[in-house]
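Chemist: So you can see what is in the structure, the chains are spelled out below.
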Amino acid sequence: MPGLIIDDIPVEVPAGTTVIEAARSVGIWIPHFCYHPALGSVGACRLCAVKLLDGPVKGIQMSCMLPVQEGMVVSTTDAEAQAMRRNVIEWLMINHPHDCPVCDEGGECTLQDYTIAGGHGLRRYDGKKRTYHNQELGPHIQHEMNRCIHCYRCVRFYQEQAGGTDFGVMGSGARVYFGRFKEGALDSPFSGNLVDVCPTGVFTDKTSRFRARYWDYDMAPSLCPGCSLGCNITPVARYRELLKIKARRNDGVNGWFICDRGRFGGREVNDPARPRAPRVDGVDVPWDQALDTFVLRLGELLATHGAGSLALVGSPRLPLEGQLLLARLAEIVSPGNVCWFTTAGEARGVLAALETLPPEGVASLADVRGAGCVVILGVDLLAEAPMMALAVRQAWRNGAKVYVMGISEWTFGSFLGISVTPVSSLDEVPPAERVKPVLIGNSRDLPSARVDEKLWGGARVALLQSGPNAVGAALLSVDHDGASLEELLASGRIKGVVAVEADIPGSWLAGIPFVAALDWRQTETVAVAQLLLPTTSWLEMDGTFINYEGRAQRFLKVMNPGIPLRGLDPTLHPPRIHRSVPPGGDLRPAWRLLAHLVERLGGRSPESPFTGRWERLRDLHPEGEGIMVYTHGSDSSEGGG
Amino acid sequence: MEQVLFRHNRPGRCITFAEYRSQGGFGALTRALRELAPLDLQQLVMDSRLRGRGGAGFPTGLKWSFVRRDLPGPRWLICNCDEMEPGTYKDRVLLEANPYSLVEGVILAAYALGVPHAFIFIRRGYESAAANLRRALAEATTANLLGENILGSGFSCHIDLHLSAGRYICGEETALINALEGKRANPRAKPPFPAVKGLWGGPTVVNNVETLANIPDIVANGPEWFRSLGATPDAAGTKLFCVSGHVQNSHCFELPLGMTLGEIIDGPCGGMKPGRSFKACLPGGASTPYFTREQWGIPMEFDAVAKAGSRLGTGGIVVFDEETCMVGATLNLIRFYARESCGWCTPCREGLPYVRHILERLEGGRGEPGDIDLLREQVKYLNYAFCALAPGAMGPVDGLLRHFQEELREHITLKRCPFGGRG
Amino acid sequence: MIPDSLRKELAARVREAITPREAAVDIMKELQRHSGWLTDEGVEVAAELLGLSPLQVEELATFYEMIYRRPVGKQVIHLCDSISCWCMGGERIMEQLREKLGVEPGGTTTDGRFTLIPCACLGNCGEGPTMMVGDTLHGRLTPEEVNDILCAA
Ligand SMILES: Cc1cc2nc3c(=O)[nH]c(=O)nc-3n(C[C@H](O)[C@H](O)[C@H](O)COP(=O)(O)O)c2cc1C
Ligand code: SF4
Ligand code: FES
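Protein chains in written order, with the working numbering: chain A, 1 to 641; chain B, 642 to 1064; chain C, 1065 to 1217.
Don't read these hints as lab results, they were simulated from the structure.
Wrong hints could be hidden among the right ones.
Calculated cross-link-like contacts (lysine-lysine; reagent style DSS-like; alpha-carbon spacing at most 25 Å) [unchecked claim]:
1) 1138(C) <-> 1164(C)
2) 206(A) <-> 246(A)
3) 1138(C) <-> 824(B)
4) 1093(C) <-> 1164(C)
5) 1056(B) <-> 128(A)
6) 51(A) <-> 831(B)
7) 838(B) <-> 401(A)
8) 129(A) <-> 1021(B)
9) 58(A) <-> 824(B)
10) 182(A) <-> 1164(C)
11) 182(A) <-> 206(A)
12) 1021(B) <-> 948(B)
13) 58(A) <-> 1056(B)
14) 824(B) <-> 838(B)
15) 51(A) <-> 1021(B)
16) 436(A) <-> 401(A)
17) 182(A) <-> 824(B)
18) 1093(C) <-> 1072(C)
19) 831(B) <-> 1056(B)
20) 246(A) <-> 557(A)
21) 1072(C) <-> 824(B)
22) 831(B) <-> 58(A)
Just chain A, same shape as in the assembly:
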């Protein structure tokens, strides 16, 4: 480990670390544009200049291109280094529009920050500025080439990281242009990351343009509920409306990026017509009345049909807190009749995954990125879990061989720009190539999949699950002998269903006399329920999801619930009566409602959803790597993979 000194601070970092990274490790931030931890160093912007005062290298150097060496003495504050950085900013500002107030990036623009920080406040250049034609890039991304500072991050992300071929860099010299051959929507399912990697306002999120400034954002660390990978995100909201979603770094999980589905989807939270008031037999009622009715009708049902007649149903999208309290409620009102899966097939698959996989055999996304050999077992990753596909591409870029079984290698490989080899069985993967192997499959197919024992032995496995918290659902199913609703209904005893954020086909519920739904989405189940208790979405509460690998991660409340100001009936705004909650905002997290019912029906308030083996999740920090909880039963391992 070479030792060096940066701004009088002794630093020791592994060989191969660059000076910019070494500085970062001790909290010294060296300004940079082209360097990006995930995209690497290319030395194009020349902003990261530092001065080497002593040691094997001397003078002004670009810290992103300079590997540390023993005995280096680095100054980031040296006058000449600062002057270089100031000049770089001045050069970049020569052609940059001076209209931050009308730029959507204003307030969250790295160029703006560095221009102010570097002290370049007066323009010395008195000529014309360069201008460009913008391209129409589809519904998600706005193009404003005049704001480009040519750090090449966009094309490096798009082509190198994501394997896209329809966006790139054209021209030379001062005419360099980043765009497409012809106007049109970007092909890559990861295109939204252009918004995140661009340090200025060339690529902005069209879905949220000019809706708010950075300092007005409601933001919190959150998780993407789109699939079971558990990618970390930062949703941005304003006035009770989800405006946009940004990727949030987590090296063990998604790294720096997210997929377009996660980024541009998830907007049903903004739907004004979402369940917003408790409802009994089709009529909106106050909360007290709804809860009283719930308790009353539940009692009647149990009195008439007996304890086994009520099914309590959770789901793989229900946060862990709600799943846990559902089990508690079941113990009180209908022991043995609780489940977290709707169909039997789904339950079987997820449970089989849990049984088959030793915790140390689970592949995280980081493991996939570092794999030497990847076999994809019949899943269309781009459709089901795009970030897994991106991780496979990184493995391929690092030299891994990629095999596919049971899917069209052409679609998968060509879309990601990687070469893949189709095989019809695992045996066909040459043993010599099974270096750091990772198998990727879907738990749905697991019960029927035939798996080669030897390869299983050494390989890590990633099994996609049916929802953001499917593993939580599976763990509880095991603990509480939970079957699936399909199996419970098959017994013929069920006369009542309490569906907590569960997606039950309306037809299944046709003959059931008592159906109560707790949900924030307008689902079929909600439509047929006699009793509706509206809940908050995952953006309006704190909660926990356990991803496919058994990693528990915490998300925090991003915004207050309520009908977004935009789309609000003009008679409701400005408010003409005094209220303590905004219109449509009197919603409660499912777990709180369940806790209330546990208290009323069981006589004792559950102080926290997390008791017993779950206790260590109480203080789970949203910014960390999460906690691994895969093993059911006793011990479980800490930290990320």
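On the provided structure of chain A, position chains B and C with the ligands as indicated by the hints.
Modeler: Just chains B and C with the ligands now, with coordinates in the frame of chain A:
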């Protein structure tokens, strides 16, 4: 004066294969394949003290010795005939008269380096040079001087001609490698140097045309002979000086390395054009700081020119008479560089147009007193660009600031160009 | 339309190359020779031949000076505007050409005969000012000679 590279030339036309052979051509190759081990050949070149003629003057043998011979996969050799630096046309003159020395030199270098496949990267517009090379390659192949199992030695070598589509940056060796690979010709980061990781990731040597064309004679006549060709003890070999501008004879001359600037201009160049007097020159192509009368006696040899504050560069001497506006000349050069920037790094892509703008302001009579300091600042910080293009571009600006400050000031105080330039 | 025969010929050139990309510049030049400039169709054909996307071909096409992505006249006049030609009066030649052809630098005459392009050093510095009409180099130009050359071209 001894002619080495031009020894074979016939006036007005390119020599033939037979003529080249009849003068001992390909004798060096024949002998080397029979008598010399590759590393001996490399040592010979090292001993000759041949320095690269592509601009940087790096010792050729030393460069070859950096090539990693222990890596798996092929090694590569590239002959750099991009020659797009203004004021430089020596490689064209050489190849239009005689492509064979280069072909022989490339094969010898390939043999020394253990390279099975070499490329000659030639600029756009050099159609007749390319045609000569194509013919020479075919003739050499037919004579089994090129191709499989050359002269029964067991050594095989192929040479491909790659015609560029034109960009000055393609001459920079790592950009050239990208261009050859069919990528955008942005330079690559160094290290790793091409000798370790170059073309398609393999160890690669890039040498200039003139450099490689010297190899056959070094092999044929020995390193001592080559060293004795120079005009000073430090200078080895002859040099092609291509002269342009306001001299009587603006041609490409093969002269002993180390002749003084004055000797060159007053000698083969026949002095200035009638009625003109010498004001300044670019001593070694467009990226070198100006020489003035004060440097008249400097030996035109790498170290001496460097010591005098400029660079021998390519040996392209561009001579200006007393009526030339040096601000205008510098502006012209910067216009070239700003247009030819590859656009990869900020100092070059944005800084060069800025310098151009400042010079336009000065030349157009709109300059301000602060502009001289501003230029000085630009010269200093453009040096920290990604490759040598922008620092090269600063050569003449640096020269302007050092030798022609008075002229700059005059532009500012008169609010116009004293030579009638309009910027 | 790019004829099949040309496609076949170019496909053979790609097969000879060490990697398909290595042939990219050659392919673009040949397609340009066929159509006078590299048309959008040309870019698409090149992409197909090279196994690249049209954008990836465009990335290369727009980098180089001698690949034209816009129509040019029957003859392209490249006038060197670099230092050796400049100091021998290159600017006067440019004036002369502009006047004579009635176009600005980069423009094409209305009759489609000439496109005028100022360019970097043509490697004929000893004989400046220099211009290249098509593939033919003309040195030591005087305004009178320019007229003659244009008439003859
Ligand atoms: C912008 C730029 C342009 C260059 N152009 C050429 C060129 O046209 N021909 C050439 O031989 N070297 C050129 N060089 C130098 C090459 O990078 C390289 O040093 C040279 O080809 C090595 O050959 P040598 O060792 O035989 O001199 C250029 C360098 C730079 C920075
Ligand atoms: S200095 Fe920078 S922009 Fe200029 S040619 Fe070199 S890498 Fe390209
Ligand atoms: S961050 Fe180092 S040069 Fe851009």
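Chemist: Indicate, hint by hint, whether the structure satisfies it.
Modeler: Hints and how they fare:
Under the criterion of a C-alpha separation no larger than 25 Å, the hint pairing residue 1138(C) with residue 1164(C) is consistent with the structure, at around 17 Å. Restraint check for residue 206(A) and residue 246(A): the C-alpha separation of about 13 Å stays at or below 25 Å, so the hint holds. With a CA separation close to 29 Å, the supplied pair residue 1138(C) and residue 824(B) exceeds the 25 Å bound. A threshold of 25 Å between alpha carbons decides the hint, and for residue 1093(C) with residue 1164(C) the separation of about 29 Å lies outside it, so the pair is violated.
In summary, the hint linking residue 1056(B) to residue 128(A) is supported, as the alpha carbons are separated by about 21 Å, within the 25 Å threshold. Among the hinted pairs, residue 51(A) with residue 831(B) is consistent with the structure: their alpha-carbon atoms are about 19 Å apart, no more than 25 Å. A C-alpha spacing of about 23 Å is found between residue 838(B) and residue 401(A), which places the hinted pair at or below 25 Å, so the restraint holds. Our distance criterion of 25 Å between C-alpha atoms is met by residue 129(A) and residue 1021(B), whose separation comes to about 24 Å.
At roughly 33 Å between alpha-carbon atoms, residue 58(A) and residue 824(B) are farther apart than 25 Å, so this suggested pair is violated. Proposed proximity of residue 182(A) and residue 1164(C) is contradicted: the alpha carbons are some 36 Å apart, above 25 Å. For the suggested pair residue 182(A) and residue 206(A), the alpha carbons sit about 19 Å apart, so the restraint of at most 25 Å is met. In summary, the hint linking residue 1021(B) to residue 948(B) is supported, as the alpha carbons are separated by about 19 Å, within the 25 Å threshold.
Between residue 58(A) and residue 1056(B) the alpha-carbon distance is near 42 Å, which puts this suggested pair outside the 25 Å criterion. Pair hint residue 824(B) plus residue 838(B) holds up; C-alpha atoms about 16 Å apart against a cutoff of 25 Å. Using a Cα cut-off of 25 Å, the hinted pair residue 51(A) and residue 1021(B) holds, with the two alpha carbons roughly 14 Å apart. Straight-line distance between C-alpha atoms of residue 436(A) and residue 401(A) comes to about 11 Å, which keeps the hinted pair within the 25 Å bound.
For the hint linking residue 182(A) to residue 824(B), the alpha-carbon distance of about 20 Å falls within 25 Å, and the restraint holds. Between the alpha carbons of residue 1093(C) and residue 1072(C) the distance comes to roughly 15 Å, so the proposed pair stays at or under 25 Å and holds. For a cut-off of 25 Å, the pair hint linking residue 831(B) to residue 1056(B) is broken: about 44 Å separates their Cα positions. This hinted pair checks out: residue 246(A) and residue 557(A) have alpha carbons roughly 15 Å apart, not beyond 25 Å.
Using a Cα cut-off of 25 Å, the hinted pair residue 1072(C) and residue 824(B) holds, with the two alpha carbons roughly 23 Å apart. Distance check on the hinted pair: residue 831(B) and residue 58(A) sit about 17 Å apart at the alpha-carbon level, within 25 Å; holds.
Violated hints, in rising order: 3, 4, 9, 10, 13 and 19; the structure is consistent with all others.
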